[in-house]
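Peer 1: These protein sequence lines are chains A and B, in that order.
Heads up: the first sequence begins at 1 in my numbering, then just goes up one per residue.
Heads up: the second sequence begins at 1 in my numbering, then just goes up one per residue.
Calculated directly from the structure, the hints in this document are not laboratory data.
Each hint can be trusted.
Each computed DSS-like pair below joins lysine-lysine, with the alpha-carbon atoms no more than 27 Å apart:
1) 83/B x 158/B
2) 121/A x 32/B
3) 32/B x 110/A
For reference, the chains in residue letters:
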Amino acid sequence: MREQDTRSRYHKLPLEREALRDVIDLALWAGQLLLQHGAESARVEESVHRLGTALGADWIDVLVSPNVIAITTNSGEEFRTKIRRVITLGVNMRIIDEVNDISRRVTEEKMDRFDVRQQFKRIDSLPPQYSRWQIVIMVGLACGSFSRLFGGDWPVFIVTFAAASVAMTVRQILTRRYFNGLMIVVITAFIAGVIASIATVLHLSPKPEIALASSVLLLVPGVQLINAAEDLIKGHVVTGITRGIMGGLISLGIALGLALAIQLMGVPNL
Amino acid sequence: MSILDLIGLVVQDAFWSALAAVGFAVLFNVPKRTLMGCALGGAFGHGLRTLLMHTLGFDLELATLAGSTLIGFLGLLFARRWKAPLPIFTVSAAVTMVPGSLAYRTMMGILQLSLLTDPAAGATILVETSITGIRTALILGAIGVGIAAPSLLFFRNKPVV
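Looking at chain A on its own, in the form it has when it is part of the complex:
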């Protein structure tokens, strides 16, 4: 590691100002794509650094904060600094995969900065891999599986599947109309809760409350919370705390929506 660093520091040709501008732009773009779609901070820092140095910069300093990335590139006597605002979008592992792939190919010197720009443009307009209905059904099945893991029987599984699928459809519709994220969570949890309480109202099972608990699991901010833990462990305290609080707020939103549903349907609490 150390050997490589010294080599890259002293044996690279200094980049033209023009090229350096391109390098910082691309490195920042990569970082933005990763942070936006659910990568943890350490990965963002590493990938940005690796991509930037592979494209010809001597050194790159990265500052990852919850909603902004700042980068300074150094090359010879020149340096440039740029920041970019990052809005957290949903988790999208495919984009993380593509960025990772590009960064690997650049390191292997199979791509230059012009190819990288082309590739990032392509990533920005990737067609969806899974149709809306595929996602709805798979998410319904996932929540159904959780109900089985919690010891639910088949009626509970079916109710959970139905509740989670409808909730996922609602969530997709609201997301497309740019509703506030937390509001979407409350509404979706409420709808899941109302449908899941059918199991209690119609006495479909001896343990109907499992349907209530499982049908909202599609909303649990798993990636947020796991990333929060990983960030904190690896010393990215600011991003870790921010993600943790966001995850906590989303959980509170789920509880609120479900509590409303339980009140409305008059079923006993979990």
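Use these hints to put chain B onto chain A, whose structure you have.
Peer 2: The following block gives chain B in isolation, referenced to the frame of chain A:
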């Protein structure tokens, strides 16, 4: 519990966890070629957690640490096998162990405290809420440490940035 019952339990657990992991993987839009890895990660990780809780009497927190550590190491294998970044496998698999109902009960407890008419009755709720809250945090911490275990233990590089 007889050995056969135990095997049946763990196999069922692994099956449903695999399905749950794939469901979340689709929600996270993982590349199609990696779905198999996500399923295997979920099955082995959650399966191990259930096995340890039933055989060795591990509590949920410790068993989660063991399960997510397995997910962390399997993730390394899968990342090589399917040429994809690590979090695709580790996060999709570990999401099956995220303590959703504990987090819910914590938040519900907080909401209940606001509705109390008799403050004295709040002591029980407060204690219960604290317990579920701490357990939620511990389990999440266990997941974080577990899936980061390979990089914390073996692949320690000099920080690049």
